[in-house]
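Just so you know, the sequences run in chain order F and H. Following our numbering, the numbering of the first sequence begins with 370 at its first residue and continues without gaps. Following our numbering, the numbering of the second sequence begins with 11 at its first residue and continues without gaps.
Since the hints were made in silico from the structure, they are not lab data. Heads up, a few of these hints could be off.
Unchecked claim - Just a few of them, taken from the derived set where beta-carbon distance is under 7 angstroms, the chain H residues facing chain F: (1) Val263; (2) Leu272; (3) Leu524.
Positions of the beta carbon are idealized from the N, C-alpha and C atoms, including for glycine.
Listed below, chain by chain, are the residues.
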Amino acid sequence: MHETNNSLHRILILLLAFLLALPAGLAATNQRASERRAMVENQIAARGIKDSATLSAMRSVPRHLFVPPEQRPYAYRDRPLPIGHGQTISQPFMVAYMTELVSPGPGRKVLEIGTGSGYQAAVLAAAGAEVFSIEIIPQLAEAAGKRLDDLGYGAVAVRSADGFYGWAEQAPFDAILVTAAAEFVPPPLLEQLAEGALMVIPVGSPFFVQTLMLVQKRDGKPYATSLMPVRFVPFTRTGE
Amino acid sequence: MTQRPAGKKQIVLLLVSAALLAFQIALLQILATSQWHHFAYLVISIALLGFGVAGTILSLARDWILARETLLLPLLLCACSVTLAGSLGFIQALFGGFDSLLLFVNPDEALRLAAAALILMLPFSCGALAIGIIFTSGAERIGRHYCANMLGSGIGCVLGLTGLAGMPAALLPPLCGLLTLLSAVPLLPRSQRGVRAYALLSLTCVTGFMIAQPEIVLSQYKDLRKALDLPGAQIIVAKPSSFGLLQIVDAPVLRSATGLSLLWQQELPQSPAVFINGDMLGSVPSVIGGQNPLQATTAALPFALAVPGKTLVLNAGTGQAVALALGEGAGQVVAVEAHRLLYRTLAKLAQGEAAPVFTGDRVQWQGEASRTWLARDRARYDLIMLPDIGSFGGSAGLFALHEQTLLTKQSLTQAWQRLTPQGYLSVTTWIDYPARNPLRLLATLVELLEEAGVQPTEHIVALRSWGTLTFCIKKTPLGSDEINAARAFAQHWAFDAVLLPGMAARQQEPYNRLQDDTLLELLDATLQPDRRQALYRDYPFRIEPTTDDRPFFSQFLRWSRIDVLLQQYGQRTVPFIELGILVAGLAALILSMLAVILVLLPLTRLGVGAGSHLRTLFYFGGLGVGYMWIELAMIHRFEFYIGQPVYSASLVVAVMLIGSAIGSMLTEWFIKQKPRALTLLVFSVLVVYVLALGPILQATIHLSLWSRIALAISALFPAALIMGMPFPLGIRLLNRTGQDQIPWAWGINGCLSVVGAAFATLLAVEIGYSLLLLLAAGAYLLASMFGLKGERQGGA
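Isolated chain H, as found in the complex (with noise of 0.2 angstroms):
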């Protein structure tokens, strides 16, 4: 076995690692794109369980395959490149036809799509062999190789971003493919002619993916698709973004008028749509004032009550809300939108009558998350507008692990306190069925109240329509003018009166009839404090206030009554009510099953039964699972605090990744040895986290953005840079007593890396961040008692 130079091998760390992570990021943006993000995620979680399998085959085999070290790492790194470049075309080549959401009517789709995770496991097994081979055969440089991992992961992080914000998305994948063929030039042997011929005909497969990229086919079912196949219909801008491809169409049929009273008789506008990633984000305004149909609206009932000077529109998106207080004659108007893409582009269209809206001298637009905004801003408003909940007809679940830090108790309780004291704040949303959003928004609503110690029902006053349901709140209570005034809009559009103070009895003829009572039902007894417990405890949804600490507010599903909900809806209903964290909760499972056999396979080789294997389970499982579930938590509390969600989720990675690597750095140098003492040292630091970040975060979130930006990597640092050493430091300890381990110990923390990061957002939905960073302190804390031991322990 000829020994390859050091560096030349970091090198090839570097650009593997980081052309792995570009592609995924890309791979992620595409399948979300063409298909659905649900189905992305779990395609893409079974494809990095290559990693693993990467581990496994390394463990069996390890002997024969360092023995051929020199051939091996660049055949590897050509057929990672190859497959890097080709998976896209592949998949669509085999699998034209695949549509994820025809998983519901035609169970042999879930063959494709076990087949299309297969494929994108291809170029993650290569990639992560060639990784494995490094770190085992050099186990001694360790710190080096774990550094240049970590750092190009951290810069493929950089360029898939970028990327996707410059460059169409299908052009990553085989510029992901190049960067991996370049690594592999140092690599091939002047003596071996077959795979220099090899990496030439890589390059050959590399380019020609690059020059002829695969469309990307969307789904059928995808909104852009549908509004692309109206007569007329086009593209009219299309935009890569950090937040997605925005494209808007426009087309002569396209208008929107969202759960219009069925009394407008007017004519309806045509409007343009947007789109980012395929699905339909809204429609831009092409009216203001009495042409709007949005007047025709339950959104229109807090400019019933009273005209507002100055109005805070939050998510502003496509601008409607905007439009409509325009319209309605609010004095001025703050617009949040933490997509500026968006804003900017539309203000560029803006023309005609809707032109104010993003233009306007009364209107000024704020780039920066509606939470973080509300957390920051200091202004009084008179009329406070958050955007509509849920979606026409209900959207089975599918937003359940969407993060919605603006309907949390603590986010309406500052918008309370924004109001000026006759101030109103509103929000509107769809009526699903079986009842939820309604409930929960109801019940934040009436938490928010009694802890303000105001009397809920005399603030609230609640309209619902064929299809939505608006609520307003008011800072004081509500007057016989404004009672009178919301009775008459209600009458005026055929609306229904929901809640009002005072009102004895519902309108005997309803202009838009239910089935059943149940939904007033609910609703009455959500207002009452002894019967909103009893429900909170008995409904067979969860529908308790969300809390910034767990801000699902679409997430209803309550694990301990699915068979409640199966008894009342029948089998085959449940899975359409709450689909999104049920598809998570599969990917969990699958993962699991899979990361099982993995892990356990490779003991056939190894022997079973022998201390030292438990030791190095649970010290690089733990690992594995204690760094992803500390990263997604630091993601979610930094999203908040830095205001933009792209950027603050690509610092965090960034910066940990970027302290890792120096941190593993440091191993080569300073801290050779005491793997468990320095991972009790990461459990220490992080339960100062768990106790002090929060109040750090709050204290200081009025500062200026760089003030925050440097602050967050001031805090994220440290525990970066400490969580970066357990991992060289326990692969030098197994390289002195348990050589045979070290394939296997990087597969089970690759295994455990990706399983744990499946599991952390359903954790998170159960228990909060908070309790997630503390059970990834836990992790750390196994992974020191349990784990590793020193030169005592012998060899395996």
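Just chain F, with the same shape it has in the complex (with noise of 0.2 angstroms):
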């Protein structure tokens, strides 16, 4: 009997808990959606993005799910944020501006390496894509995966494995981004990529400045492109 008030009261208490929290967490969701189309607004379509599906991904992903708790308030600010073990979620344009780049869409098949906090491969995936994502440190894979499977990311397949061999088993395919930037483009991955397909590789430190490299399969050879380094895109706002 006396274990039995104990369980109705716990049951009372987590009910009025629940109850008096909704409206909270209902303020903090509109609130948070409040800041993503903000974010796609002024950092993202005011700077030239204009991919119809890239936009819509970029509004839809709740990129503070993506962030450890403690960098949640900046989740929507225009920097890229630390994840743990020296890895970082790069800045939204960074995101969008190589989405845009490969052009995901349904019925497009994505390999990305180095899933990080699987933010990118989330806004593939809500672009249409279906994702293949390796990430080389296993704890960042594993957390990564289970984040996506929760947040009903069905499309990205995660796998804990060295990029530098990239996903035989899935290639070819029609976009490669390496989130992780190297000092050499993997040869695995270039043969992995299919005929006038594209890989996007940011080089540099994502606190410094980075730039973009493309590279792309033409007549079985690869072709290399130097994009401006993304730092020394026209900012269009002076505020954070």
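With the hints as a guide, dock the two chains, each given alone in a separate frame, to form the complex.
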């Protein structure tokens, strides 16, 4: 009897807490959605990203759920954020820019090297692509896989492995995004790139100056193009 | 007030000065390893202002403090010992999550940085206050006291460096604490049980810190920490050294092939990586020959032009260029690397195909600074390979204040002179944006060729990949065979020709396309004398060749063009282009503001307006700034001369401190007056140094190492000797004419030494080391002209 009362009390307390927290939770959700809309408008669309699938994906993916709790207040700011293990979640514009470059859409198969928090993969998936993502640090891979599952991004397959070798079983890919920059382009990745497909690689530190390199396979041969450093894209607003 | 025997006080000064300096060296290493050396420098500079804080406190409460000297001295030394021993633990416990790189994304981190600096200021303030009390209360014996202070600092310098070379860096702060506590023992009053109990408690704390040394937590963005996050990564070598902590990491997924051609289709061999103070130095070659991916980088260009008989590899580092040269058939390779422990360690590890890089008959390793080797060596080489410039993705100007004496015009000219008639000089740079490294490098090569009386375009070939650009210059004009060989090499690996003799137009369809042609246009402009001069004048960055006097190859920022940069790239971007010098500028600014407050505050007690105050300020400020500038200018001069950076810096500091200590002692016995005349003498000697030192060192650099060391000591000692005299003479004079001002004068000297050091590198970047030395002489002249006057001045 005594135990039953205790259980009842606990349930009532939980219910009360839930009811009290509900409005606050709804307000926070609305707040995040509003921040996300502002992010897309001010940081992304205003800087020339036009692809509707990309913009729509950026509006829909809850970026704040891909960063550590202590970084959530900054999730929609125009900056990269630390996610542990010396890795970062790229600044929103960078994610959008890379997404637009590979034109994700239904039926497109995209390989991502460097899952990190899983945010880029979620954006690609939200834009309609079938995403295969490889992360070398097991703890990050595990956390990202679980996060993507929990948030309903079933089109993303995450594997903890050395990205150098790519994902041969699923090759060729319509696009490859290497989010963790390296001093060389792994030869197996070039092999797994479909004819005419594009590989995008950011070069440099996320905190300093990042340039983007595109590699396109034409007639079986890779051609590289260096794009302007991303930080140098003109800013349209002054404040944070 | 009970007077302590002067001998005891000198022992205290000796020990506490040694402990503070050794701690400073250890702290620099620890913070540079765990965080980032720019911020280590910033934090420590602010902490060193503890000397100024002590001077200010002593000025404001001189009588109260001196009346309690017996009690306060041991208490301060105990406090100093505990804070020395525990400072690292305090910082890590309170600010465990601090990361200097996060400053760029989270401004809250600035508060943590400031707090860290303030915590580190505690031991310096306590120790300095103890020194200041002894100086003030024993001003009549200042020659001896100052001598003990200087000698102690010299010993601390040696202890710090040898300690770092032989034990974990985290152990040094508790040891410094113990040394300071030891200095308190002779001062413990027998009648004051409380003080003795406090000393015992301090001993317990210091011992505790020694037993439970805090682990040095690396920033998660340090190269080493990232490498250790890789699956299967392990540290296979960890050796303290005077160059910093040497660590080698092995992991199944570690591979290296900087700027590899996109056409390379073979496996990339796994290779361990070498780290110094947590920063990656390079990877250890694991293959030679056909399997070596370096043959598919632009760095292999010289081997496509000719097979060299004798090759010189400068700053050979982990031996990658040596492996390339051996694999490409070089007859003999001379590899020059100042870090002897590095290549000796790699030689012990070497096995398999790459073992000949360190142990083969065709390779000879030389443990000397490359620049010094170039100046001393008389052999001729078919190929001279310079180290790669810049880093993958740019370095945000982080190395702006690093001296790169190997890349000056004089250095490249010497390399040019070491070439055989058919010889090549090759150098590879990362392509940065906005373009800086390739432009300055080409400008240096072109000016060198013009001064050699040849047409640059006939001697230069340059190829680029997606990220790197390699220049090769030949002693004689390039022939058609070589031009064809360069073209074939480029085509084979999908590189693009940038410069080739007779090249009319660039390839229509490059393999590696740039977003626009700006870089190529700027390179073309650099080749032509008139357009080059216009570029020097108008380009927003400095791209003129560097000189031995201003060897800052990676410093491109023009302060006068910051407005243009802000306009062109935006306010939030500029700091990321040239961060290194901006952090140094920020440090100098913060230190100046704090120093002004610390220097002016005592005037609230001393009174404002008396001319004697201004004279004290000029005199002791001039000495503080002048001494630091001379020390830093001499370290630069002798680094090149001796050829071992760490040891030459230690030699200069040790000779300066010991010479000054003896000079100070001499003021007790012989030279008891006339500080202004002495200061004028220092000025005159320094002017002679400015004029004569360079030519003397140049003429004798070919001598053996021991002869050069003997010459260095002989050259430095006279200046050091007389530079040790003005301070004690000035204090002694104040003791007669204005005792109140002694702590203030000492505080001014401390503050301006720190501020002077912060400005020294900024000044050297702008005006060069020769003028810095002249400015140092000027500081002494200023001290002489406007400084302290004799007895007629009257008390304050």
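Tested hints:
| no. | hint | verdict |
| --- | --- | --- |
| 1 | Val263 | 5 angstroms, holds |
| 2 | Leu272 | 4 angstroms, holds |
| 3 | Leu524 | 5 angstroms, holds |
Consistency note: the structure conflicts with none of the earlier hints.
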